[in-house]
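Please put together the full structure from these sequences, using the hints given.
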Amino acid sequence: MHELSLACSLVEEAEKVLEAENAARATRVTVGIGKFSGIELDAFEFAFPMAAENTKLAGAGLRIEEIPATVRCRVCGKESSPTFPCFNCANCESDDIELLGGREFNIQSMEIE
Amino acid sequence: MCTECGCGEANEHHHHDHGQSQSHDHSHDHRVVEVQKNVLAHNDHIALHNREWLAKRGVLAINLISSPGSGKTLLLEKTLETLNGKIKCAVITGDQQTDNDARRLADKGATIHQIETKTSCHLNADQIAEALPSVIKDGTQLLFIENVGNMVCPTAFDLGEHFKVALLSTPEGEDKPEKYPVLFATAKLALLTKMDLAEPLGWDLKACQRSIQSVHPGMVTLKLSAKTGDGMDAWLNYLESLVQ
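Chains A and B are the protein sequences, given in the same order. Mapped onto numbering that gives the first Met the number 0, the consecutive letters of the first sequence carry residue numbers 0 to 112. Mapped onto numbering that gives the first Met the number 0, the consecutive letters of the second sequence carry residue numbers 0 to 243.
The hints are simulated quantities; they were obtained by calculation from the structure and are not laboratory data. The model shown is predicted, which means the values in this text are computed figures rather than measured ones. Just to be clear, a hint being listed does not mean it is correct.
Unchecked claim - Selected chain A positions facing chain B (in silico; Cβ < 7 Å): (1) Glu-78; (2) Ala-89; (3) Cys-91; (4) Ser-108.
Stated by the list, open to error - Rough simulated footprint, nothing fancy, chain B against chain A, three-plus residues with beta-carbon under 8 Å: (5) 5-12; (6) 32-45; (7) 80-86.
Where a beta carbon is used, it is the ideal one built from N, C-alpha and C, also for glycine.
Rendered as structure tokens:
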């Protein structure tokens with residue numbers, strides 16, 4: 000539902016990169032999306048070309064890399080990668096955890112010219 | 000067609016100029032740049048400031064997230080009525096349109112701030128930052144943020160709250176936690192609301208608890224009906240324990 004506005008935010012940030020790199024356009028954007036980011040991948044892929052229309056990202060390819068959750072357990076102290084959708088500690092199953100990774104929504108790299 | 004980058008240009012004298020631009024017919028600079036840029040960095044940054052701002056003033060903030068119509072506002076009405084005079088509360092309530100919720104929550108001893116998000120399906124950290132100075136009065140201990148009714152999008156936006164509470168009302172069925180796992184996995188507490196309707200609806204408590212535990216083993220779950228008052232004590236005791 001909010002994926003179009005996220006796609007628009009992505010395009011805005013990518014255009015800043017293009018400006019900083021003095022590039023005319025992007026041909027591909029690689030995005031990292033965490034499993035706990037709340038972003039629906041299908042909806043995001045659907046929204047991206049619309050957000051990119053009439054921008055320097057028009058027609059650019061989109062590559063998505065899913066980022067698994069990484070947690071640090073406050074009970075046993077270990078770091079682990081729980082299996083989605085759970086994010087309890089994979090070692091002792093406690094839910095008293097600190098989420099170290101899995102909420103990301105990053106531009107990882109761009110092919111530009 | 001350029002075979003190196005597939006840019007569509009056909010030119011015998013094609014050169015890939017990585018770096019300097021040339022006065023060649025077809026010269027361009029096609030390269031890959033590593034970016035590692037957080038698109039929601041702005042929101043996360045403001046959320047961090049909100050969290051610090053609240054901590055400095057000793058305010059605990061709870062982000063209430065659920066479907067529309069699951070009973071967030073009635074729960075807050077009853078909560079504020081009971082806590083009035085005991086714990087100083089504030090509420091930021093978000094809806095796409097209207098100030099109906101703010102009017103329902105008025106005159107119960109808490110400061111209320113309504114945000115109309117218009118086209119947006121969630122609150123963001125900027126909106127909270129803007130509201131905080133006016134809604135948090137001296138001595139405020141608890142801030143409730145009643146997010147826009149939606150189980151998906153609000154989970155993507157950190158507001159600077161201390162934790163999230165997920166509400167699930169009996170008419171929604173038993174398996175919402177599995178259908179919307181991110182909310183239930185990341186919320187600290189699940190409130191099962193409209194329990195007065197469980198029996199007439201044939202709603203299965205055990206099935207719902209299994210669904211919750213499958214996405215968040217050990218998740219603390221409270222059952223209540225804000226309408227009848229059943230189960231409200233446990234919720235209110237929980238809140239009181241947080242601010243002591």
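Violations among the numbered hints = Structure breaks hints 1, 2, 3.
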